[in-house]
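All chains should be built: construct the whole structure from the sequences, respecting the hints.
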Amino acid sequence: MAADQNSRDLVARYVRALHERDLDTIQSLQHADFVEDYPQSGERIRGRRDWRAIYENYPGGLVGVADVSKDRVIGGEDRWLMGPTFTMVRLSGEGDMHTAILKLRYPDESEWYMVSFMELRDGLVLKATTFFAETFEPPEWRAQWIEPMPDEARGG
Amino acid sequence: MPERGGREFAETWVEILSSRRYDRLSEVIHPDCVHEYPQSGERFVGLANIRAIFENYPGGVGVQDQASLRVAGDNERWAMAPNFTVIRTTGGAGSYTSAIRARYPDGSDWFVLSMFELVDGRMTHGTLYFAPMFEAPEWRRPYAERGDMT
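Chains as they are written, first to last, in the numbering used here: chain Z, 5 to 160; chain S, 47 to 196.
Bear in mind the hints are in silico, worked out from the structure with no lab data behind them.
Among the clues, some could well be false.
Said to hold, decoys possible - Part of the chain S face toward chain Z, derived, beta carbon under 7 angstroms: (1) P84; (2) T143; (3) Y189; (4) G193.
Here a beta-carbon is modelled for each residue, glycine too, at the ideal position from N, C-alpha and C.
As structure tokens, this is what we get:
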């Protein structure tokens with residue numbers, strides 16, 4: 005459906021702008037009533053201005069947040085490949101509800117997955133509910149029951 | 047196997063985990079199901095291996111807070127709490143995303159985020175992320191409201 009394609013394009017543009025730290029573009033894609041929640045810390049960021057302030061005041065800056073060495077989008081028919089320097093593990097969704105998974109690399113070299121549930125309205129991003137999950141070493145106790153995931157399935 | 051939507055599936059799944067009735071896992075897990083944990087790069091292939099993880103989890107797996115369960119998929123949209131966004135995943139019928147808050151034996155609280163696919167009411171593939179609670183940093187205080195979002 006064209007509407008689904010439009011919504012996917014919107015999410016893709018939003019995530020790409022996030023990756024490129026293009027705050028103007030991000031704000032242009034956020035609804036006037038935009039809200040982002042971080043349920044892990046119980047924080048709610050209400051409005052585009054406060055959202056932008058957080059990014060502009062991020063301690064140490066946001067340089068290095070994204071791993072630009074990988075270009076990875078996996079999945080089925082409605083998951084798609086981005087440009088050659090994009091860090092995305094997965095985008096999925098249809099209608100006005102979407103999920104974006106990115107892999108982030110912080111300046112301290114730690115790697116995290118960002119899982120963001122995005123709700124659209126009026127062709128804009130109305131709400132994001134975002135979680136952060138750090139990578140970890142596989143525990144020894146369960147080694148006998150697992151096999152390693154290929155790097156590409158982990159977003160590189 | 048009767049048709050089972052994402053919500054019903056997830057409730058049964060949580061019930062089995064909470065009651066530690068791992069002998070019932072076959073009700074919700076396909077024999078060839080694959081679980082992936084991208085954070086650690088672990089892949090569990092088949093019901094027997096998935097069950098072994100649950101049965102051998104040191105201290106037992108966490109206790110899921112069923113009231114916090116959110117599932118989206120098919121024509122269901124669950125917004126049991128106004129602050130929580132739930133998502134329908136794509137890929138055709140049977141794709142879901144869920145989020146649930148779980149408490150582990152050490153008392154820590156986590157969100158478990160699952161992207162999963164159902165065939166005939168059973169999970170055939172699941173990608174799981176584990177996200178712990180954290181303290182809101184002071185520097186963000188001027189820009190963020192605070193509260194419980196579960």
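Notebook entry, point to check: Which hints, by number, does the structure contradict?
Noted result: The structure conflicts with no hint, since it agrees with every one listed earlier.
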